[in-house]
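Please take these sequences and the hints and turn them into a complete structure.
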Amino acid sequence: MSLETFVKENQNAFDDKSMPKAASLDFESKLKKELHQDTSKVRRLQIIRYFSVAASIALLVTFGYWYQNRQEHIEKRDNLVLALDESDTNSSRLEAIYEIEDQFANEKEDEKILNAFFKILKADSDANSKVAVIDALLKFPDNAIVRSQLIDALGNETEPLVQLKLIKSVATLREQRAKAPLKKIIEDEESLPLVKGNASALLAMLNQ
Amino acid sequence: MQVYQMYKDMLYNVSYRIVKNEHDAQDTVHDAFIKAFQNISKLENDLNLGPWLKRIVVNSSLDFLRQKKKLGWLQESYEFTESTKENDTYEDVTLKVEEVKKAINNLKDKYRIIMVLYLIEDYSHKEIAEQLGLKESTVRNQYVRGKRLLKQQLQNSVAL
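Protein sequences appear in the order of chains W and Z.
With our numbering applied, the first sequence closes on residue 208, and no number is skipped along the way.
With our numbering applied, the second sequence closes on residue 368, and no number is skipped along the way.
Calculated directly from the structure, the hints in this document are not laboratory data.
Hints may contain errors.
[Said to hold, decoys possible] Think about it this way: if two alpha-carbon atoms lie no more than 20 Å apart in a straight line, the pair counts; the simulated DMTMM-like pairs of lysine to aspartate or glutamate are:
#1 Z:K278 to Z:E230
#2 W:K30 to Z:D217
#3 W:K33 to Z:D239
#4 W:K17 to Z:E329
#5 W:K17 to Z:D330
#6 W:K32 to Z:D239
#7 W:K8 to Z:E230
#8 Z:K243 to W:E34
#9 Z:K343 to W:E34
#10 W:K30 to Z:E230
#11 Z:K359 to W:E34
[Said to hold, decoys possible] Negatives, chain Z to chain W, calculated, CB over 12 Å:
#12 A233
#13 D254
#14 R263
#15 K277
#16 V324
[Claimed, not checked] Label pairs and their computed distance ranges (CB to CB):
#17 Z:N313 to W:L31: 25 to 33 Å
#18 Z:N313 to W:T5: 17 to 25 Å
#19 Z:E230 to W:L35: 25 to 33 Å
#20 Z:E230 to W:T5: 50 to 58 Å
#21 Z:D271 to W:W66: 16 to 24 Å
#22 W:L31 to Z:K304: 36 to 44 Å
Predicted, not measured: the structure shown is a model, and the values here were computed from it.
Heads up, the beta-carbon is just placed ideally off N, CA and C, and yes, glycines get one too.
Put into structure tokens, the structure is as follows:
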């Protein structure tokens, strides 16, 4: 008989050992531990998933809220700029300027609003509106366009009240480029003595 | 636990034949059961559960030996040039299960493991070669040599 045949015929006799009885308990506790670990892992994953979903929703809601606010803000600005453009009385124009100043007081300069203000400075508007616009523009002393526009206005303005306001503004900005328009005011025979006096004082200060 | 109760002894024997230590065999079988439970979805046919578990236990037992660096002989295995005739009969030896088991256990690991896998666990030479990372011809040769050594042992025990 070959060895292979012998082993095959007595296969069961080779399996004569039995697992010790205590081993079952060991295995049961080992299995529980493993399963518990797996459950903990699953639970941890579930918590992470819930948090991710919650965070995504919160992010979406925040973004939606921000976007809506932004749209409302832009709409309000456009309406105010339009109101400023279309105002046919001095009081309504002044009202629009103050409204813009209140609404956008703490914000970065807005190009659309600035252009609307520059337009008033250049146009043949009333003195009160121009003074209000100059006050509003002075909130952006570091803006190069605002500074240039105020200097240009100083050279073109003929209304004494506005001229005085512009001279004071330019004095605050300490703009050397204001020298030419100041000289123009001083040399203009039609300028009021009060305006000339203020212009001379500022010119002297800038020349120091 | 039902599956455990049903197969634990069979698998314990399989592992014990490879690792040759009761405590290590017990641990290996437990680890193999847990591994099997975790991968139960990979079992395509329930009827293959027994053989599938047996394969896992064999793998785990060999892994255990690898971890314990008890399979170093695999690197030293080389092809023998001697005759590889497999049809040696044991006509001149009276075979007894206990003696065959004892003789197999006394063989060096490089013969014993191959003998166990081929003779008792019903692995083919090719499968053993794949498991151990050896050439099939090396496995075949080592088996033949192991069988001769086994025969010598059995003859000696009869003579005694």
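message: Tell me the hint numbers this structure goes against, listed in increasing order.
response: Hints 7, 9, 11, 12, 16, 20, 21 are the ones this structure does not satisfy, whereas the remaining hints hold.
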